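Chemist: The residues making up each chain are set out below.
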Amino acid sequence: MWKWLHPYANPEVAYQFTGKLIPWFNGIAFILLSIGLFLGLAYSPADYQQGETVRIFYIHVPAAILSMGLYFAMAIAGLSALVWQLKLAHAAIAAIAPVGAAFTAIALITGAAWGKPMWGTWWIWDARLTSELILLFLYFGVIALGNAFEDKSQGAKAVSVLALVGVVNLPIIHYSVEWWNTLHQGATVTKFAAPSMAMSMYIPFVICFFGCAFLAGSLICKRFQGQVLARNSLRPWVKQLALAEDN
Amino acid sequence: MNPALSYRQAFNTILKRDLKIALRHRDDIVNPLLFFIIVITLFAISVGAMPNVLMTIAPGVIWVAALLSTLLSLERLFKNDYQDGSLEQLLLSPCPVFILVLAKIVAHWLVTSLPLILLAPLLAMMMNLHPDGYLALFLTLLLGTPILSLLGAIGVALTVALKKGGVLLSLLILPLYIPVLILATAAVEAATMNSPYQGHLAIIAALFFASLITAPFAVGAALKVSTN
Amino acid sequence: MNPRRKKRLTIISLILFGVASVTGLSLYGLSNFVDVFYTPSEVHNGKEDGTLKPEVGQNIRVGGLVVVGSVKRDPETLKVSFDLIDTGPMITVQYEGILPDLFREGQGIVAQGKLIKPTTLLATEVLAKHDEEYMPKEIADAIGKHHKPADYN
Amino acid sequence: MLNASNLTCIREERILFDALDLDFQPGDIWQIAGANGTGKTSLLRILAGLMEPENGEVCYQQTAIQKCAEEYHQDLLYLGHSPGVKSELTVLENLKFNLQLCSQDTEQCEKLLEQVDLFGFADTLAAHLSAGQHRRIALARLWLTQAKIWILDEPFTAIDKLGVKRLEQRILEHADQGGIVILTTHQDLSLPKSRYQTLTLERIFS
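Residue numbers (our numbering), protein chains in the order written: chain A, 1 to 247; chain B, 248 to 475; chain C, 476 to 628; chain D, 629 to 834.
A few of these clues could be false.
Stated by the list, open to error - Simulated coverage check for chain D against chain B, where a stretch passes if three residues somewhere in it have a Cβ under 8 Å from a Cβ of chain B: (1) 672 to 684; (2) 700 to 711; (3) 715 to 723.
I should point out that these hints are in silico values taken from the structure, not numbers from a laboratory. All figures in this text were calculated on a predicted structure; none of them were measured in a lab. A virtual CB, placed ideally from N, CA and C, is assigned to each residue, including glycine.
With the rest of the complex left out, here is chain A:
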């Protein structure tokens, strides 16, 4: 069943494959984000309660979902690095972490900008906000730990353990708004029931979300390529690649 996946576990194939993906991802991200942001910022209606400020939603929510999704992806890469000794997962972790940290930071900053006019405060120490901040710290920890090791594969394994331990935070972030009386409103689009959002706002959101996701995908592929090269610098194919580049 997994046989078709096998060739992709080869660094060279993975390098070529992600190389082919990047232009596609870039293109799709560009198209979706321009349509989505245009719809979201200019075309979609203002909210009945929040007026124009609701437009922050189109950036804030995709960034927040991706911040958690990318952490989860990183943890899965960590699991495969530890359990199945998958070398490519090492590169994947190092590729994902900074991108995830960036999206977490975006979610926090746009959240603060949204909270000031709506709630009346930039920041409040409630469960959702605090746990998202912890997520950012975890990303920083993962990046710092990975950089601290001289030996890259040893560092990647250490990072895998940390990433797996940090996964506990994800359900806390997601359910915090339901468990505790937080100021942050409940889930709108990531709950199982139909989204509690008018279609004229939901569609721009979906487009924006996929735009951001493809942007993240493209950034990660680019970083992944760099990591694969750095981790396989001894292999003949990397040397050929470097020679071809020189000419």
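The hints should help you fit chains B, C and D onto chain A, whose structure is shown.
Modeler: Only chains B, C and D this time, still in chain A's reference frame:
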């Protein structure tokens, strides 16, 4: 062929050795305690003129001080063993790594956190803590400090092979400590306001069991990576 | 049963016991979790069958709806006072400062501050809470949802 | 009994050895030789299961050592670069702890000290002893252990001539009883040439 060592025997052997070493190396016990006392004294001095302010920040300050002094003592957990080669010997012993790790963590807790818990009421007095908060403080420290030792051990195990692990350790560990800190201070605050805090305590206990069953395995994996 | 399997069984049962205690304790904890958050009727009667009434001088958070027609602004300063209500009796909130955009009569808000009389809160912070539903004004009007309160329980 | 197949080791982006196949049979004494930095220690650590090879695997009795860690560690005695002696404990306590961990009798410990020239130091804190004496504490285990496979990294460093002689004697004895000894050393072994094999690791330039 001798029968393999039972898990309990292995646990006891390591626990005894670590306690013996700690008792011969008293600085390791005394220094974090002194640190704990000094941090709290500093707070008490800096806001000393306002007993009410002191009273409101007391739970938070005591807990943060406890957390920092645990962090300070954590490095000792594996560093010496790593440097003199006995960590390798432990990893190669015939019993599973998580038993050894658990024994070392228990020893660490007995040596550093237990004296701290016993000393806490005195410092709570210095911080002018509301009398209703004493029991809650004691209970949260009793349930919460083992979590600090367990989670901290993961961070130490990850950084033990690094030369400059100290600052990195706090970057890795402190975010994981935040939930315990929030719950514990909220519990003590609730107690001083005479409202029930068994909900907080139950969640801290849940965190304790969760870290008890996961941390030893994570530490084992981390140690294997570090000695690689 | 050989000793090896017995050992493994012991460990697995200990882990299962741990998992069970984690679930049990967290379920119990979450259902008994009391934070410093009150509704106006809880300020009057205390939480859960009237046992825990906040006392005067205590710092609390109160969440409720702004009673329509109760907002009194001082024309000279930024002082404002209004009533908060949920399902029962209401309390008065006094505040000095800039109110959030979303603040309006009928809106759900969270006020944080000190209880100065049994039913009067001197707020240091007034925050607006909005719900997770987003819709354009026309639709909201059409379904008569204009000032549907945020849910507090 | 112990065999390794297709071992590759990469440290800090340098290939130390590639596609190494080894087979150790009862009674074998193997000397791993080679210049500094050719991966002698790495090879020993991989064989002991402390390090993971980039490629390949080590099997004990046809099972990968990660899968039978408890049995393998029961039959293994590894002495690394650092002797693993706690300076806060006395000589006797150190020795007892090492033996207890491998569930061995600790009654003959005191007699054992004579073998490694530490008689009379039983109750001295290890902190007060020299590096050579630390090594002797670690080596003392060899006289009591029931482990079949010995992996010794530079066992002769900081040991005097008489000590080396006794140690070689003990190694030979162990091999004669059907044990396996794998060791690294810079000195020549004074054992009969027919009694041991040498594997020399070459530096790989890439």
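Chemist: Decide, hint by hint, whether the structure agrees.
Modeler: Okay, the hints, checked on the actual structure:
Chain B is given as covering the stretch 672 to 684 of chain D, and this holds because 5 residues of the stretch bring a CB closer than 8 Å to a CB of that chain, at least three being needed. With a threshold of 8 Å between beta carbons, the proposed coverage of the stretch 700 to 711 of chain D by chain B holds, since 8 of its residues qualify and at least three are required. Using a Cβ-Cβ cut-off of 8 Å, 4 residues of the stretch 715 to 723 of chain D lie near chain B, which meets the minimum of three, so the contact claim holds.
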